[in-house]
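Asker: Given the sequences, and given the hints that come with them, work out the whole structure.
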Amino acid sequence: MMNVSSWSIKNPIPAILLFLLLTLIGLMGFRAMKIQNFPDVDLPMVIVNASLPGASPAQLETEVARKIENSVATLQGVKHIYTKVQDGTVTLMIEFVLEKGTQEATEEVRDAVANVRADLPGEMRDPIVSKSNLAGTPVLTYTITSSRMDDVALSWFVDNDVSKAMLSVKGVGAVSRVGGVDRQVRVEIDPDRLLALRATAADVSRQLRQVQQEASGGRADIGGAEQSVRTIATVQTADELAAMEIPLSDGRSIRLDDVAKVEDTVAERRSIALLNGEPVVGFEIVRSLGASEVTVMKGVRESLRQMQEKHPDLVVTEAFNFVTPVVDNYEGSMGLMYEGALLAVIVVWFFLRDWRATFVSATALPLSVIPTFAAMYFMGFTLNVVTLLSLSLVVGILVDDAIVEVENIMRHLRMGKSPFEAAMEAADEIGLAVIATTFTLIAVFLPTAFMSGVAGKFFVQFGWTAAIAVFFSLVVARMLTPMMAAYILKPVADEHAPPRWLVIYEGWAAWCLRHRLVTMLAATIFFVGSFMLVPLLPKGFLPPDDLSQTQIYLTLPPGVTFKDSFAAAEQARAIAEANPHVKLVYTAVGGGKAGSDPFAPQGAAEVRKATLTLNLTPRQERPGVTKQDIEAALRDALSAIPGAQIKVGLRSA
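For the working numbering, count along the sequence shown from 1 and bump the result up by 348.
Hints are computed from structural coordinates only; laboratory data are not their basis. All figures in this text were calculated on a predicted structure; none of them were measured in a lab. Idealized CB from N, CA, C, for every residue including glycine.
Computed beta-carbon distance windows for the label pairs:
no.: 1; residue 1: Thr410; residue 2: Gly680; range: 52 to 58 Å
no.: 2; residue 1: Leu446; residue 2: Ser516; range: 33 to 39 Å
no.: 3; residue 1: Gln656; residue 2: Thr410; range: 50 to 56 Å
Answerer: Okay, structure coming up:
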């Protein structure tokens, strides 16, 4: 590495071609990289869902939850077990130590549940074991209305047409409907008629259980050819079901409509979606693991645009968008990188006061950052908050090695040497110091890639990105900077008088050297005082944001009806709309996961829960008012709702 500078100066073409190739690969890697909010983290957390319709929480706790807990607790590496029991459903989330492989943990939990399956109630559905997916929360939520379709037709349209169109978009992992209605054929038995005809409800239930079934009937040889045989027992309409014959135990048979009323209707409403108080049908978009939120948003919007062209009667509204903040973070981070690079070049020019030397030093910035994108792409990294923060942090450091090289070359030029001689001798003199400086920085940043805990899962990309960028700055400083200086710099014709600010600084430095004891005492007081201020700093993984959206979570006491939850949600909506900074309110009662906690157990939707998503005015239009101020005002106003547990704030997706 020390002799490579002399080789590069004598053979400039290979060095130029090398960095042209690195720049090209880096640009290709940058274009191919995905834009995300945070890097996808695979945590060893497994979720078990067990369903026994109609069972009480007390029964489920003793007959299901405890048995599964006892079996899972014996597994190696189990850290915590969280259990949630509600009517008909048990949800367990098993958290393992971070060293445990997620796939291995999932298989072990599945085996542990299978071992106790025989001890669980026979009528219980088979438990579902799945690994926790942090990308499984919605990033986009839309509402849809139509002047041509009613609730039934619109719900079917979302389940059939919209879901198929959204799932065909690259990166979309799941689509779920919120609100709307489900078709249901209702059979209401008349007890008096049943008694008069000497029939029982068991006779009706037994026959209904055999309806809507198709089964394999084996195969048959017909006309010398083999054909498959199916047993079909289905009805197409409610009228056909009403005319169905029901055999009785004494040999008689009756029609179903003799003892029951059959209606083709909709199921009891257990969830509803509203946009500014008006009923709508909503659907949530979940990205797949590893996909870019930005790519998903662009694909979904294009698919919806094409759908609206085919169905002009549809009105689609974006109710929840967690992608726009990701785009804002990306554009803001890239803007800060450009600003940081520009300021670094300006500072270099103020010190070197030579545009040629400044140009040679400044080339280290893009030629260090751009190849880093190629390495990030091949390592599977993405453009997210962590990697962009890393690049923004080191953007001023990347030019350090080049500045040291150029400054030493300029010193030799002032001795009267030619640029070629100055570059050869100066690069050889300063080589060891530049290498030591660079590897010292790598020794500072790279260990963050091996941090333990959940934070280490996120910061692995931070450490590697910073270390790779700093390493490329060393390659530039040892190969390209001396070569460019040898052929671009000119001999120094005359000496410039040092600027006044540099004279003042040198005076301060000289005073500090003359008064060493006072300088050390002041530095010690400043150092200790800085550490004493650390406990006063606010703590948290991320600072508070000021996004133009927030959410209200309502949880009512157990036992409340859907009507009570709907009334409480409407009361909360009226309070929220009274705030002048609230533009739109999307309400989901009894369903929907937009903005839900990704670590929360995923159980069945509860009618006692409601989520209100609020779109706020942009922060540019509310100077002096932060999102935290709006949330505090809403929190105080919502306390007037009796019996409701209220949380205000946006959870990260």
